[in-house]
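S.K.: In case you want the letters, here they are:
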Amino acid sequence: EDEDIAALTRPDSSVAVGVAGLSGSSSERSFFGQYNGLRRNDTYLLLDLDYIKRDDATGTWTTLQGRDLGLDTREVQFGQQKQGDWKYSLEYNEMVRHDPRTINTSLIGAGSTSPLVSRLATVGSGDELNLNLKRKNVTVSVEKWLSKSLQFEASFKNEDKNGARLFGNGFNCPSGAAPAPTCTTAATGINQWALLMLPEPINSTTKQFDARLNYSNDKLLLSGGYYGSFYNNEYTSMSATVDGNLNNPLGAPMGGAGLSSGLRSILQLPIALPPDNQAHQVFLSGNYAFTPTTRANFKYAYSHASQTDNYSSFGNAPNGRTNLGGSIDTSLYQFGLTSRPMPKLSLLANVRYEDRNDKTPIAYYNIEGTKIFTNGNYSPKRLNGKLEATYQLPAGYRATLGADYESLDRSSFVPTNSVAGLSGLRQKTEESGYRMELRRSMSETLTGAVGYQSSNRSGSGWLKPNSELGVTETSNSAIYSRTAIFPMSMVDRQRDKLKASADWAATEQLSVQFMIEWGEDKFSAPTTKGLNSSHMAFYGMDLAYILSDAWKLTGYWSRGDQTMHVDHSTGYMAALRNLSDTYGIGVKGKPTSRLDIGADLTLTDDKNEYNQGLDASASAANKTLLATSGGLPDVTFRQFTVKMFGKYALQKNSAVRLDLIHQHTKMNEWTWGYGGTPFAYSDNTSVYLKPNQNVTYVGATYIVALP
Amino acid sequence: ADAPATAGAKPPAKDLVLKGDAKCTTCHDEADEPRLLHIGKTKHGTVADGRTPSCTNCHGESDKHTNNPEKLKARPATDRNFSKGTTTPVEARNESCISCHRKDSKRSHWEGSAHQRADVACTSCHQLHTAKDKVADKRTQPEVCFTCHKEQRAQVSKPSHHPVLEGKVACSDCHNAHGSVGPKLVKRDSVVETCYTCHMEKRGPFVHSHEPVNEDCGNCHNPHGTVAESLLKVRAPFLCHQCHTPHGGQLGQLQGQLPTVPTATSSGKSGINYTQARGCMNCHTQVHGSNNPSATNPTPQFNLR
Amino acid sequence: FDADEAQALAKKEGCLKCHAVDKKKEAKSLTEISKSLKGKADAEAKLLHHLTSGEKVKFEDGKEEEHKVIKTKDKVAIKNLTDWILSLGK
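Residue numbers (our numbering), protein chains in the order written: chain A, 1 to 707; chain B, 1 to 305; chain C, 1 to 90.
Treat the hints as calculated values from the structure; they're not laboratory data.
Every clue listed holds true.
Lysine-lysine pairs mimicking DSBU-like chemistry, simulated, CA-CA at most 30 Å apart: (1) C:Lys71 with B:Lys64; (2) B:Lys14 with C:Lys63; (3) B:Lys184 with A:Lys157; (4) A:Lys552 with C:Lys71; (5) A:Lys148 with B:Lys43; (6) A:Lys386 with B:Lys184; (7) A:Lys381 with A:Lys522; (8) A:Lys157 with A:Lys144; (9) B:Lys84 with C:Lys73; (10) C:Lys11 with B:Lys84; (11) B:Lys134 with A:Lys647; (12) A:Lys607 with A:Lys623; (13) C:Lys28 with B:Lys73; (14) B:Lys71 with C:Lys68; (15) B:Lys73 with C:Lys58; (16) A:Lys647 with B:Lys84; (17) B:Lys106 with A:Lys219; (18) A:Lys87 with B:Lys187; (19) A:Lys552 with B:Lys84; (20) C:Lys73 with B:Lys64.
Residues from chain C shown here face chain B by an in silico Cβ test under 7 Å; the list is partial: (21) Leu16; (22) Lys17; (23) Ala20; (24) Glu26; (25) Glu65; (26) Glu66.
Even for Gly, the Cβ is constructed at its ideal location relative to N, Cα and C.
From just these sequences and the hints, can you work out the full model?
M.R.: As structure tokens, this is what we get:
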């Protein structure tokens, strides 16, 4: 009998071993196998381990856990802990991303820092290239209670990331960045351009170190420590070699003497890869109880980040600079107060201030024709404030009224820098708003909430780029041509949002959840171009039905509908709409005391519409173009997944489990091709994705409890 | 004469799992609902750790429940009740937990957090009488969050997503559900700092940086999932057109779709080359910033390499 | 009668919180109760009355309570339960 109780209260250990088989080729599973480690092979070993032991006399735990040990997403953890005294643990974790798209190319040395490009005779006749990224990380953590009120915690995490991702470069001659004659040593024409697919080689290590000391007594919690993060990239740059000729825009080799030496040398210039960087932070945070009903929480953090990766693999850095000398100091202050002055009233106030101070030296890095200018730096100060009051009304209702404020001061523009591609900048933007909510948090059968939120963003005067360097503040009306575009993150914005949700226990068996969300952003800038407005709606419901003690049914449906109006400077207007439905049905049952079964069906149906229109100022060319082509087609994505499992208990301590997954995915996108013709790079490299994918997975495991 | 009061009394009942649980387990033992005793398998069941609770720390002393002194027909509920349909106010329920867990540094900002303000109970997420708390395991955690967050449920199954459903990245890798100093409960102090924990290469600073990147990754990305590649909220060129007046006045166009084919010398900045493949990034490769210092023509200032 | 079903009902109704099948808890074990009713002609009727009337019962420590009234209205299920209880003492 004591043994029975012990079995109920003793931590469980078990091992599960089995095999899995998958149907279809690797390209048939490119969505399914993107992250789950089941892309490459057709059969896999399934192995999971849970060893959890507690020595009851001392309260000491020993754990050894392994997940997916047969896949390249494996995880292993080992740890020991004397609860309330000390703890250490070691974790190893692998993650993999297989790019769903397959590349067809003649590139040699893909994924290295020196790929060799040579034109493929025809699209599709090259070798297949699949790109992967693999992360492997190790975490070590320790914890020690130094006294009843003092705890020390530390952890160290090392992550290696290896592989390659879809990348590439391109250039166009002539250009403001490379005016004649740099780009014109060609036999025919100066309008040469090229786009190349060059995978980005990735071989980097990140290290994170965290150590803190926590002090607590009845009123105060203080937690202070250090967090350091270190990024180290094996590669600083990559340079391609381009052999022979490339295609012109018609997909045929460039005429005359072929690829101009000007453009060739530009395409072969080193491309920067992310530089090493490091950041150190010290912080102090915690909370304090003035009284049992009035409490404060706070945080102060100071960070110093630097980036001093050597320029040696590039030529032509400004005189005297061997690295950027990047240096950014950031201070963060936060203070929050919550109080219940009366039993029915709760109040909240919160402020947060972030002060980033960019101390990176300024140097003449840029040249555009005859214009030379420096880098910029960016030292924003961000202030957030929040006030809120909640009042308890009769019948379980609670009403909340809140006000929010945010300001962002981007600091003054470095006068020796130059703005590109933007019609204006703003130093400061400010947003303030209010919200209200009515919530019913307790009732036998119906709970729910309705809320409305409104906020308004505006800012300081627009800074117009000078024709040479720097910016000048200018009034809205006077200067801008009607085609100017202003950054959506800076323009005035009126935002409104409505939300409602309800949980309804309709009967003993049936419960229903409803939710609706609606939102609208209206942007106003000195012109009507750029992002104008956006709308969102999201609604749906969830059902849960208890058929009997042994059977339960769930189901849901939700729909998202978002539209964005982005108007281009040259007369076209885009209305981008995303419509997305998600459905799910699930059933779980226990037909006999030994058997558990379940099934889940989900369907995602997603459509992106790219409606383009033209206004009066549109060019004749664009008018014909839209009239004849009908614009961009929809991008659709549809995925149906069914997952089933059955688990049968053979004995008290062993069971068998069968899993079956079937997934059907259909994707139709124009990004990498149109009407069955793949988009071709200048060397005839193309990128492919099987638009219709069917995968079936069957897994069988034997699970046995360890004594 | 000598202490008859104890004579007929039964020996003190034995605790089954927690210290002092006999008050409850005389009734709630393995015959009642064996699952209750599973609390013994958890950290709360480590009796050797003097800080662990007894039944009454969470449910209250509950004398009315144990003795039913008013002899009510329906046995009065425990002082604090957590199951569905409970009448214990959320704050009282949470106080049961917070009384011990306020001392954890990870919960220092619970008070005033979005979940606390929205009356979410600790036990909306945590299960206590079970060996495996669903929310603590990254493979089962999303199910818990999705009981409330339906929009994220829809987003994580879009083709470009973090491996959340695959069990490799958890909601709690980015969010501290117990409250944080950053916006939207992000785990570190700001959105960018949170993303840097896994994408540290984006920290820079760079020779040529891109302002919106330093400001908020959310300007361009939706971390929960999108149909466009790289979790981009919108595809290029439209993504970039929200801020930029770029060169080239054409509509987005597709190779093979054109009524007027390009000529052998058409500009590379045509509607095709900034719409297809990587869009604007076909040329502006370093959207997150470039550390290329070269100050000769052509300079990489436009994040071209 | 179906013993599994009877036990499941007893559990669902919360009987097992106070009575174990064969060991003493807050109240006598069902087996012991069954034994004490053994041979009595009106045993079944008595049981039924006990379970539906909420008559006073006395705990060992002297406190008194109205006995729990069975929630289900399913006569067949109740009969199955009482038959099972009565069988335990044999």
